[in-house]
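Dock chain B with the ligand against the given chain A, drawing on the hints supplied.
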Amino acid sequence: MKILIVDDSKLSRLTILKRIPAAIKESAEIFQGANGLEAVALYKEHRPDIVFLDLTMPEMDGFEALQLIRDFDQNSWVHIVTADIQAKSQEKVLGMGAISVEAKPIAEKRLAEIFAALP
Amino acid sequence: MIQEELPEELQEVLGELINIAFGSATATIADLFDNFATLHVPAISFVALDELDTFIFQDFNLQDVYTTTQQFKGRFQGEVVFAMDRHSARNMQRIIFADEGPGSQEILDDDELKQSILEISNILGSSCIGKLAELLGTNVTFAPPSIEFADTLTQERRALSYRHIIVISTVLDFKDMEVAGKLFIMFTDEMFNWLHTALNNYLENI
Ligand SMILES: [Mg+2]
Numbered sequence: 000m001k002i003l004i005v006d007d008s009k010l011s012r013l014t015i016l017k018r019i020p021a022a023i024k025e026s027a028e029i030f031q032g033a034n035g036l037e038a039v040a041l042y043k044e045h046r047p048d049i050v051f052l053d054l055t056m057p058e059m060d061g062f063e064a065l066q067l068i069r070d071f072d073q074n075s076w077v078h079i080v081t082a083d084i085q086a087k088s089q090e091k092v093l094g095m096g097a098i099s100v101e102a103k104p105i106a107e108k109r110l111a112e113i114f115a116a117l118p
Numbered sequence: 000m001i002q003e004e005l006p007e008e009l010q011e012v013l014g015e016l017i018n019i020a021f022g023s024a025t026a027t028i029a030d031l032f033d034n035f036a037t038l039h040v041p042a043i044s045f046v047a048l049d050e051l052d053t054f055i056f057q058d059f060n061l062q063d064v065y066t067t068t069q070q071f072k073g074r075f076q077g078e079v080v081f082a083m084d085r086h087s088a089r090n091m092q093r094i095i096f097a098d099e100g101p102g103s104q105e106i107l108d109d110d111e112l113k114q115s116i117l118e119i120s121n122i123l124g125s126s127c128i129g130k131l132a133e134l135l136g137t138n139v140t141f142a143p144p145s146i147e148f149a150d151t152l153t154q155e156r157r158a159l160s161y162r163h164i165i166v167i168s169t170v171l172d173f174k175d176m177e178v179a180g181k182l183f184i185m186f187t188d189e190m191f192n193w194l195h196t197a198l199n200n201y202l203e204n205i
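Protein sequences appear in the order of chains A and B. Under numbering that gives the first Met the number 0, the first residue of the first sequence carries the number 0, and numbering increases by one thereafter. Under numbering that gives the first Met the number 0, the first residue of the second sequence carries the number 0, and numbering increases by one thereafter.
With the rest of the complex left out, here is chain A (with noise of 0.2 angstroms):
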C-alpha cells in the first residue's frame, strides 16, 4: 500500500505516522509533502492508496491541492487532517470529492477506522 502524508508540520506527519495501525506500516510505501505543491507532484509520481492532507500550509494550500488531485484522479482517497474545523470548510472539501474530515490531532483509533474502510 501507498501512503502520501502532507502537512507542512513536521509534528502533525509525525503523529500521523506513528497512529498508522502498525499491520498496515509494515508493509505500506509512505510518503511525506510539506504543502500543496509537494502533495500535487507526489500525488503524480506515486498514485498512492491513500492520501491524509492538511488544509493550512504555504505555497499552496491544502483546498487548492485537493482539487488538482481530483481533477487529476476522480478515484484518488483523500482525508484531510485539519486544524481548519469551521463548518464551511468542511462542506467545502467534502464537495470537492474529500472522503472525510479529521480535526487535528487525528486519534489512533480514528485512524484505524480510516484504514479499515478502505476500498
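By construction, these hints were calculated from the structure, which means they are not laboratory data. There's no promise every hint is true.
In silico DMTMM-like cross-links for lysine to aspartate or glutamate, where the CA-CA straight-line distance does not exceed 25 angstroms [unchecked claim]: (1) A:91 to B:33; (2) A:108 to B:133; (3) B:174 to A:63; (4) A:17 to B:11; (5) A:91 to B:30; (6) A:108 to B:78; (7) A:9 to A:37; (8) A:43 to A:101; (9) B:174 to A:44; (10) A:87 to A:44; (11) B:130 to B:63.
Same frame as chain A, but now just chain B with the ligand:
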C-alpha cells in the same frame, strides 16, 4: 526567554499545538456568525516583557489600539491579551452585526464597539487557551475579560512577573474583511517549567 530556553523541537511542538488551538478558536467565531475565514499559517514569536511595547506598536498606532485582557487559572495559568487597531475593531463589529439588516452597519457608538471587541476577544482568547490546555492534558478557567489601555499594559504586567510571552500574529481573514490582531499569552517562570514538561510529555506520547 522561550526562544533560548525551549529546545527547538519543543518550539515546533508548541507552534503546531497553537496552530490547532487557533484554528479551533477561529472556527468558533466563524461558525457563530455563519461566516468563513481563510486560515493562514500563524506567525508565532516569543518576546520578553520589555519588548512587548515594541511588539504591540510596531504595527499599530498608539491612539488606535484596543487591548483586551483575560486571566486564566489552572495547572497552567497566566494571562491572554488580544490587541487590534480601530480599523480591525470596526471590521469585527461589521461581522457581528452583519445579520441585523439595514442600518445595522452604521457606525455604532464607542461603547458598543467596545462590547463587540470584548465579546470576540473573549471567544478567541478563551477558546484558543482552552484548546491549548486540553491538548496539554489539563484545563483552565477564565476570569471575565476587560479592556485596557495599551500604553499601561507593560507597566502593570511587570508586577506580575510574566517573563515569558508567546505572540501569535493573527488574521481573521473573512471574505472581504480582515481582522488583524496580536494574541499574547503571558506567564511566569514557574509556568514555563510546567509548559516545558507538558510539551515533552506530548512529544513522547504522540
Ligand atoms: Mg498546516
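Is residue 91 of chain A within 25 angstroms of residue 30 of chain B, Cα to Cα? holds (14 angstroms)
If you draw a straight line from the CA of residue 174 of chain B to the CA of residue 44 of chain A, is it 25 angstroms or shorter? violated (35 angstroms)
Does the alpha-carbon distance linking residue 91 of chain A and residue 33 of chain B stay inside the 25 angstroms limit? With a Cα-Cα distance of about 14 angstroms, the restraint between residue 91 of chain A and residue 33 of chain B holds, given a limit of 25 angstroms.
If you draw a straight line from the CA of residue 43 of chain A to the CA of residue 101 of chain A, is it 25 angstroms or shorter? holds (24 angstroms)
Keeping to a limit of 25 angstroms between CA atoms, is the pair of residue 130 of chain B and residue 63 of chain B held or broken? Violated, at about 30 angstroms.
Please verify whether residue 9 of chain A and residue 37 of chain A have alpha carbons no more than 25 angstroms apart. Holds, at about 14 angstroms.
Measure nothing beyond the straight line between the CA atoms of residue 17 of chain A and residue 11 of chain B; if it is 25 angstroms or shorter, mark the hint as holding. The given pair, whose Cα atoms are some 17 angstroms apart, holds under the 25 angstroms limit.
Verify the proposed pairing of residue 108 of chain A with residue 133 of chain B, using a straight-line Cα cut of 25 angstroms. holds (19 angstroms)
Does residue 63 of chain A sit within 25 angstroms of residue 174 of chain B, going by the straight-line distance between their CA atoms? holds (17 angstroms)
Taking 25 angstroms as the top limit, are the C-alpha atoms of residue 87 of chain A and residue 44 of chain A close enough? violated (31 angstroms)
Decide if the proposed pair is consistent with the structure: residue 108 of chain A and residue 78 of chain B, CA atoms, cutoff 25 angstroms inclusive. violated (35 angstroms)
Of the hints listed earlier, those the structure fails to meet are numbers 6, 9, 10, 11, in rising order.
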